[in-house]
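There are 2 protein chains.
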Amino acid sequence: MQSIKSIQKIIEKELQQFFNNGYNQPANLYEPIRYILSIGGKRLRPTMVLLACNLYNENIISAIPAALAIETFHNFTLLHDDIMDNSPMRRSQPTVHNKWNNNVAILSGDAMSILAYELIAKVDIKYLKSVLEIFNKTALQICEGQQYDMDFETTADITVENYLEMIQLKTSVLLGASFEIGAIIGGADKTEATKFYELGLNLGLAFQLQDDYLDTYGDAQTFGKRIGGDIVSNKKTFMLLTALQKANEKQLRELQFHLNKTMIPDEEKIIAVTNIYNTLDIPNIALQKIDAYFDKSAQIVESLNLTQEKKQFLAEFIQTLNGRKK
Amino acid sequence: MQSIKSIQKIIEKELQQFFNNGYNQPANLYEPIRYILSIGGKRLRPTMVLLACNLYNENIISAIPAALAIETFHNFTLLHDDIMDNSPMRRSQPTVHNKWNNNVAILSGDAMSILAYELIAKVDIKYLKSVLEIFNKTALQICEGQQYDMDFETTADITVENYLEMIQLKTSVLLGASFEIGAIIGGADKTEATKFYELGLNLGLAFQLQDDYLDTYGDAQTFGKRIGGDIVSNKKTFMLLTALQKANEKQLRELQFHLNKTMIPDEEKIIAVTNIYNTLDIPNIALQKIDAYFDKSAQIVESLNLTQEKKQFLAEFIQTLNGRKK
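Heads up: the sequence lines are chains L and R, in that order.
Numbering of the first sequence is given in my numbering, commencing with residue 1 and proceeding in unit increments.
Numbering of the second sequence is given in my numbering, commencing with residue 1 and proceeding in unit increments.
If you are wondering where the hints come from, they were derived from the structure by calculation, not from laboratory data.
All of these numbers come straight from a predicted model, not from anything done at the bench.
Since no wrong hints were added, every one of them can be taken at face value.
The list cannot tell twin chains apart, which means a pair is met if one copy fits it or any two copies do.
Using 27 Å as the maximum straight-line C-alpha spacing, the simulated DSSO-like pairs for lysine-lysine come out as follows:
1. 126 / 137
2. 289 / 42
3. 42 / 9
4. 190 / 122
5. 122 / 195
6. 122 / 5
7. 13 / 42
8. 190 / 129
From just these sequences and the hints, can you work out the full model?
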């Protein structure tokens, strides 16, 4: 088994090698692609591909193209999402549409998604069709998730279930696909690969709910974002939707008051809504939900057809991703 | 051999079947896709795929997914190009970003490009890798062409050669790929398939230059667009770039005057620039260039390893596409 650090090193090197050889002209098409890939991120998804492969196969070279494809596709979705969300910054750097313009961002994103498929085309012919099918299905689901996310902004009566379905599409399925594709290329059988998909799905839900939780209850320093942003923007997260569901008439009026008024100072709104959350036990409900997804993940790891040593390695990797337990 | 009409009928039926079964929710993602596909177009590219296949194989069913993939991808590029060009109308109908909004147009375009790959994934495994590679290379070139096209708007000193390279990327390579992929799936050997690619490339250049020519010298009724649009918008077409290259000092001053002034009424500008074109023999130069590409196409058809009857069939199909000779 390669260490996670060594896997991450391989990813950085291979990403550089692929994108820094060729793909030069027109510069307005290819520079934004190198730019968004260079401003980092944790390379979580390609790490998951190579790790899953490595659990079944000492040789992970054959999984590199798929790992890069998934990282490329993920960054493409961020690039286009940033246009749609009108976000000026990402990872403390100007977004592509902000640094260049919308047209450059649309088109370089389009090119980036095609480059992801150029990488998929390098997958061993033995696995090409099945990897391509998983990749396509997942990519389309991510678009569906983003559309639901945008639709939800202007839709009343979104339920917690709607929200969970949306985040599953928007973020979890790609984690599922990363693990599954890695396992397939590593030579795992269908049952094992499907378990890996489920594992990624549960982790994705846990991560997203954790992100929601930390947005209100995290430490600004560790979280890396301003606390309370979701509350200020009325984002229909698990926390807010659960609160709306659980609130009595008086609490509901108070919540609605804060959601509808635009003249309240941000800090005041954050404190007021957080207080309602606290009264309704929302933080505990959220933590229980997150832990349930982590528990389910642990069960899936345990059920895999791997040595105890390898299961332990995988469990430890997952542990490092659990933001509250680092 | 199937008739062109029968091929076109198959395409319409199969497009409907693919896009009208499933792909329903979220509606804001999938409705725009059905919409842009429903407002027509000549289905030229999928016709080319099936025709090329049919020249080598009585059975064209196996080429249908690739044909639909190319039509889907083509319409995706139109959808995104319309956002970038800020075009309110296409084929006399509102464009997607105009009928919905920019975000819907970006995301449904993204989904559409993925759906093209879902169709590619249905290609027989025997040809999947090579078809996917051609498709990827072509798709990326189309993005490059669109970026050059946008770059050229704000770049001085664009040459005729730059322009020809740009239109080759933006429009011709997909016609080349349509023929080539069709031939490959039909079972043609590499030499034949490459010839088909070259054939599509030459036809694409001929069509685009013909479009440029007709934009100034066409008949508004048959051309379907207002005559002189390219002149009004200062579009750096083959005509304008050749004129700028051939003009003497006085003519150049006059041309530049019309390009730089914004206060001249459109009709006056069209007449003045057309007069300069006429003086410089631009219409004849353009027609010669177009005919050279059509002649080259005819030579390639002649060189194919097909019966005279089939060559004749292909030549007649090409003839129907020659706008001036209908």
